[in-house]
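Trainee: The whole structure should be built from the sequences, with the hints applied where relevant.
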Amino acid sequence: MRSIYLDHAATTPVHPEVIAAMLQYFRPLYGNASSVHGFGRQARIAIDKARETVAKAIGAQPNEIYFTSGGTESDNIALMGVAEAQRDKGRHIITSSIEHHAILDTCAYLEKAGFEVTYLPVNADGLVSLTDVNAAIRPDTILISIGHANNEVGTIQPIAEIGAIAKAHGVYLHTDAVQSFGTLPIDVNEMQIDLLSLSGHKIYGPKGIGALYVRRGTRVHPIQHGGGQERKLRPGTENVPGIVGLAKAVELAMQEMAARTEHMTRLRDKLIAGLMAVPEVKLNGHPEKRLPGNVNVSVKYVEGESLILSLDLRGIAVSSGSACTSGSLDPSHVLIAMGLDHLQAHGSLRLTLGRDTSEADIDYVIEVFPQVVEKLRAMSPLYNRLEKEE
Amino acid sequence: MSAAMYSQKVIDHFSNPRNVGTIENADGVGEIGNVTCGDIMRIYIKVDKNGDEERIDDIRFQTFGCGAAVATSSIVTEMVKGMTLDESLKVTNKDVAEALGGLPPVKMHCSNLAADALKAAIKDYRERQEKDKE
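The listed protein sequences correspond, in order, to chains A and B. Those letters in the first sequence? Residues 1 to 390, per the working numbering, in order. Those letters in the second sequence? Residues 1 to 134, per the working numbering, in order.
Source of the hints: derived by calculation from the structure; they are not laboratory data. Hints should not be assumed to be uniformly reliable.
Claimed, not checked - Chain B regions said to be covered by chain A (calculated; three or more residues, Cβ under 8 Å): (1) 6-19; (2) 35-41; (3) 88-102.
Yeah, the Cβ is synthetic: ideal placement off N, Cα and C, and Gly gets one too.
Mentor: What follows is the structure, given as structure tokens:
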């Protein structure tokens, strides 16, 4: 059977060159970078070189990059670390209602610890309003955390404009760039970003590795204690193969950025047009300010997990914001914040393209999708009722 | 969620659901669930009344919901077709899940309501019978 992977926002296949670069750091170059001997020095050299690669990709200095275990840990250090370091200055944090749970759950934790959090609303396209950002800032605001691009609907926020507002008020700006890094150009100075989270496995690197950019002079406390690694902000023996793999993935992403964007945008737009040819299928997220690989639609009268399952049985791997796929009883908080009703949120489908996605893959999805929707709608009591009313 | 989390039997009933559709002039119709929770099951029954004995002569379903919701609706129609109403009322949601070779724990409550939809259909039938007597 065909096997088409359209869930690149969840994770990506590791690039063969990334694996090749990593292997020697399992053996023979398996040293601990803290060791003084030759094994250790070789590991240290590899980490230093990787740090330069990652820094250069976002216009930062190498000593502003801290390797972590991934996006979630980077987000936790950014939020909790700034909160802890700045608690005497203020206890107010601004974020949006459509952030990843790595941000929202950490904010909920901070609220219990005595901080106040403002969750900015978004418009129907998933955009945060600059007026709202401005209005939310108070004398005791210490941090604004707004994700660069949303993982579910792909909407890209005006981070540079938010950066200018943050700067004008002397408030730190953190952005979770896990979905955008490697795909969209990022310059932390031009965009006035103080902290930025990124991850390896979304860009054809390995899982379990990420980084946090922290602008020099930014006050952040560690949230984990144990040793001198990563200048004490993230102690623990460095994941050398992971760090090398991340750097290789970053290098490839920078080389291929323009080509990947062109390729994915073209196929994305073809896929959107193909899916929307089916009646009562609506695009979620911003029509233009959207990640090149993201397609998110609501299929009315059909439940998302049924769609995923039906497509999976036809060899197409996708995801949904339906409650059945979230592990809770609630549908996607992102879609609800954008004003979708429960029926639309339960019937949402996310298809995320990658560098390996082919035109034939997209053609196949466009062929199968109407058949799957028709079969499920024929079974749906909601669809049937509508037909009778007409 | 992918097909991997479901038993073969669930996948079979999801892919080839039995007794899908509606019954014109059904003797009873039952619906359970709502859009907010993401599952709606609707069951139609045709009852064959022979003296005091009432049997489910035909049964159809329509479901908006996840794989488990569709599969439980499908299998319950197979299980109770031909049963007397009293027998069919003894079928529980748990029996339905067991007949499918089990359901993932997260699906046991929200999506396992097919037996309740059947009970609602029988209740509807009996209420109509009462009305006819009046």
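Trainee: Which of the numbered hints are not met once you compare them with the structure shown?
Mentor: 3
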